[in-house]
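Use these hints to put chains G and B onto chain V, whose structure you have.
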Amino acid sequence: MTRPDPSEKSDARAWRKPPFIANPLLRYGLLALLAGYLSWALTTLPFNWERIGEGLPRAARIFGGGFPPNFSRFDLLLTGFTESLQIAILATLLGVLLSIPFAVMAARNIAPLPIYLLGRTVIIVSRSFHPVIVAILFVAAVGFGPLAGILTLTLYSIGFVGKLLAEEIEEIDWGQVEAMRSTGAGYLATLYYAVFPQILPRQVGLSMYQLDSNLRASAVVGIVGAGGIGSTLMNAFGRYDYDFAFAILLVIIAVILISEGVSGWVRKRIW
Amino acid sequence: MVDNDDLLAARIWRRHNPREQLVRYGAMLVTLMLVVWAVRDIDIFWPWVWDAPNQISNLGSRMWPPDPSRLGEILDAMVETVHIATLATMLTIFIALPVSYIAAQNTTPNRACLWLGRFILVASRSVNTIIWALLFVAIFGPGVLAGILAIMCRSVGFIGKLMSEAIEEIDRRPVEAMEATGASKAKVIVYAIVPQVVPAFFAIVILRWDINIRESTVLGLVGAGGIGVILQGSIDTFAWQTVATILVAIILLVLIGEAITALLRRRVM
Amino acid sequence: MLEITNLIKRYGQDEPVLKGLDLAVEGNSVVAIVGASGAGKSTLLRCINRLVEPTSGSIKLNGTEIVNLRRRELRRVRRKIGMVFQGFNLIDRLTVMENVLAGRLGYVSLFQAVTRRFPAEDIERAFALMERVGIAHYANKRADELSGGERQRVGVVRALMQEPEVLLADEPTASLDPRTSEQIMMLLQSLASELSLPVLINIHNVAQARSYTDRIVGLRHGTMIFDGTPVEFDKEALDAIYGGIESPEDASTTPERGSKERESDHDPT
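Chains as they are written, first to last, in this note's numbering: chain V, 26 to 296; chain G, 14 to 282; chain B, 517 to 785.
Everything labelled a hint here was simulated from the structure, so no lab data went into it. One or more hints might be untrue.
Residues of chain B placed beyond 12 Å of chain G at every Cβ, according to the derived structure [as the list claims (entries may be wrong)]: (1) Met517; (2) Gly528; (3) Arg595; (4) Phe604; (5) Ala618; (6) Gly619; (7) Arg641; (8) Ala644; (9) Ala675.
If you only want the chain B side, here are some residues facing chain V, beta carbon under 10 Å, derived [unchecked claim]: (10) Thr611; (11) Met613; (12) Ser691; (13) Lys751.
The C-beta atom is built at its ideal place from N, Cα and C for all residues, glycine as well.
Chain V with its partners taken away, still in its complex shape (with noise of 0.2 Å):
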C-alpha cells in the first residue's frame, strides 16, 4: 500500500471541494462575466414598464373573454384545420422526395465538392431560417394562402431531413457500395442499390416525423397569413375573439398530442 506523501498531508488535513473551475482567474473572470452581462443586458433592453403595468387587468379581460372558449363556429375551426393537414401532407411528400437529391448532395463521401458545397449551403440556408420568417417572404412572393404555407414547410423539411439523411449517408457501410462498383453498376445503379437500401428505413422514420412536425409548423406560419389553423387563429386574435381563439388553441394541442403520439407509434411499429 503507498503511503501519502507527509508534505501534502499537512494541509490536506483542512480538506475543502476543488472549486469547479479550478483557475481562480477564470472563475472570478466569469462570474464577473455574467454579472457584467446581464446588467449590461437588463439596461439596455427597451422595457416599456407603463404598458407592462397594465397587464394585469388585460390578462384579466383576455382569460375573462376567452372562457368558456366558444367551439361554435366549428365549422371554421374545421376548415382552417383541415387546410392545415394538406399543407402538412403536401409540404411533408414534397419536402421528403426533394431532400432525397439535397442530402445525395450534401454528402461528402459520394459527392464530388462543389456539388457537396452546394448541397450544404442549401441546408444550412433553409435550417438558419425560422419557418414563420421563410413564410413572410413566400407570402410576399406568392400571396397569402396555403401555397405560401407549403412552399415554407417543403424548403424547412428540406434543410432538417436533408441534413439528418446526409449524416446518415455519410455513416453507411462502404463495403456495400465497393461491392455494387466491383460489379461494374454505374453511379445511379450504385446509389440505388448499395447506398438507399441503408438509409431507406430512417428515411421512412423521418417522414413520420416530419409530418408530425409539420403539422405543428403549419399552425404557425398561418400566424403571418400563409393559410391553415394559424390564419384562423390570427383572425381571431386580431378581432379580440379570445373566446374563439382560445377554443382553436386547445383543439390545436389536441391535435398536437394525437399526432404527437400516431407518429410515434408508426415510428415504433417500422424500426
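Just chains G and B now, kept in the frame of chain V:
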C-alpha cells in the same frame, strides 16, 4: 411464408412475400389517396402556382443587392435578439428544474405532483413560441418582455422534459449506497442524483439556447421584440434590399450561435 | 450484536426468497455467507438495512428492532450499518474525498452536505481511514479515475466513515481481479479485528471464504443449511450448498451473475 417452398421449387423469385407486398401496397394507396384529396380539395388558385417561380425570382431580384444603410439599427436589433434568447434561457432554468424534478418518476414526491409536472411540460411544449408571443403581446403590449416570456414558456417544456428523462436514466446504485448511509431524501438528491445529471443539464441548456436564438428572430413579427420588428417593418414598406441585409445578418447570427454552442459543448463534455 | 430471527422475504406472490432465517453475529467475527446465485444472500443483507423490506421476522442490532422502524429512526439505524457493494456504487463524478465524506451524510445537516463543509473531525477521520487503506493521496481525484481495487477501498472507507456497528459487504470482490480481491478480503478481515466490528460478507468464492473468515453460513433456496467454522466446511457441505446447481469456481469468475441476482433482488419501489 407458407408457400415459400413452392416458390423455391418453381424457382420464382419475389422481392417481398405476399403479406409484405399487401402492407406496402396498402401504405402506398393510403398515401396516394391522401395526396389526391389534399391536391383536389386545397384552396389554391392553380395559375398562381405555375406563376410562383416567376414571382419568387422576381422578389429575389428586387432584393439584390442588399442595402447596408440601416446596418447600425440592424445590429442593435440583433443584440436585442440575443439578449432575449439568453435571458429567457437563464430564467427558464429556475422554472424547468423544479418541474423536471416532480415530473421524473423516480424523484417525484407523489402521483399528483407527477401528473402536475407532466401537464406543465405538455402544455408548454404543445404551444409554439410564436403563439405564446401572441398571447403575451396582447397582455403586456409589444416589446421584449413579451418575447422573453414567450421563449421561457416554450423552453420550460423542452428543458424540463429532457431533464426529467435524464433524471429517470441515472444509475440507481449510488442512490442505493447513499440511502444505506442513512442520508435523508434531500441529501440523496444532492449527492447521488445532482452529480449524475450535471453534464446532461449543461448539454440541454446549451442546445436550447441555440434553438432560442433562432426562435427569437421571429418574435418581432408579432411585435415581441428583436430583429423581427425591423424585418416586418421593411417588408411592409417593400424595402426589399434592407430585407436581404437582415436575412444575411440572421444567417450569420445563427451560424455564430451554432459555432458557440459547438465550442461550449466540447468544453462541457 | 446482530440477531436475525425467523426472517421471511417474499416478492409478490412468488415462493419466498428467504424462508424463516435465524442468524446471530457477535463481537468482531467475520462471517461469510455462501450460496448459489438466487439463494437469497443479497436479499438477506439488504433486509438488514432495509434497502429491501422484509416480509416478516425480526432483526435486532444491539437490541434495537429494525424491522418496524419509521423513516427517521430507520435512517438513524442505517447510520450504524455500513455497506460495501459489488459494483462499488460510488458517485463517479465526485471526488474521492466527497465520496468518503458521503458516509457522514446521516450525521451532518443538509446545509453542511450541500456546501461540503464537514466538521473537522470528520475530515480528520476520513484522512486517517484513507491512509489506513492507502488511498489518501487520491483525495481530490474524481472517483471514476481510480482502478477497481482502489474504488472498492473508497467504498470500504465510506462505509467505515459511518462509525458502523456492523459492516455488510455484498459480493465486495466479485467485480475485481483475483489478486485485488484477495487484498480487499484481507483488508476487511484486519479492519474487523482493528475496529472490533462484526462483518457479514456475501461471497461466491469458497476458497476466499475459507481463508479470510471465522465462520461460514451456507444458504440454499432461502434456508440456512450450513453454519460452522471454515475447518468444518468440507466437501459434503459444499455439495449440499451448490450441488446440482453450478460449480462455485465458475460462479466466482463470472461477476455478471452476481449483478443479475442483485437486480432481481431489488425492491421494485
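Status of the hints after comparison with the structure:
For Met517(B), the requirement that its beta carbon stay farther than 12 Å from each beta carbon of chain G is met, with the minimum near 20 Å. Listed as outside the interface, Gly528(B) is consistent with that label: its C-beta sits roughly 20 Å from the nearest C-beta of chain G, beyond the 12 Å cut-off. A cut-off of 12 Å between C-beta atoms contradicts the statement that Arg595(B) is not in contact with chain G; the least separation is 4 Å. For Phe604(B), the requirement that its beta carbon stay farther than 12 Å from each beta carbon of chain G is not met, with the minimum near 8 Å.
Against chain G, the non-interface label of Ala618(B) is violated: not every CB pair exceeds 12 Å, the least being about 5 Å. For Gly619(B), the shortest C-beta to C-beta distance to chain G comes to about 5 Å, within the 12 Å cut-off, and the non-interface label is violated. No Cβ of chain G approaches the Cβ of Arg641(B) within 12 Å, the least distance being about 14 Å, so the stated non-interface status holds. Distance to chain G confirms Ala644(B) as a non-interface residue, since its nearest Cβ pair spans about 18 Å, more than 12 Å.
With 12 Å as the threshold on Cβ separation, the claim that Ala675(B) sits away from chain G is violated: the shortest Cβ distance comes to roughly 8 Å. A least Cβ separation of about 6 Å between Thr611(B) and chain V falls short of the 10 Å threshold, and the interface hint therefore holds. Checking Met613(B) against chain V by beta carbon gives a least distance of about 6 Å; that is within 10 Å, so the hint holds. This hint is violated: Ser691(B) has a C-beta 20 Å from the nearest C-beta of chain V, more than the 10 Å allowed.
Interface restraint check for Lys751(B): the shortest CB-CB distance to chain V comes to about 36 Å, outside 10 Å, so the restraint is violated.
Hint compliance for this structure: hints 3, 4, 5, 6, 9, 12 and 13 are broken, all remaining hints hold.
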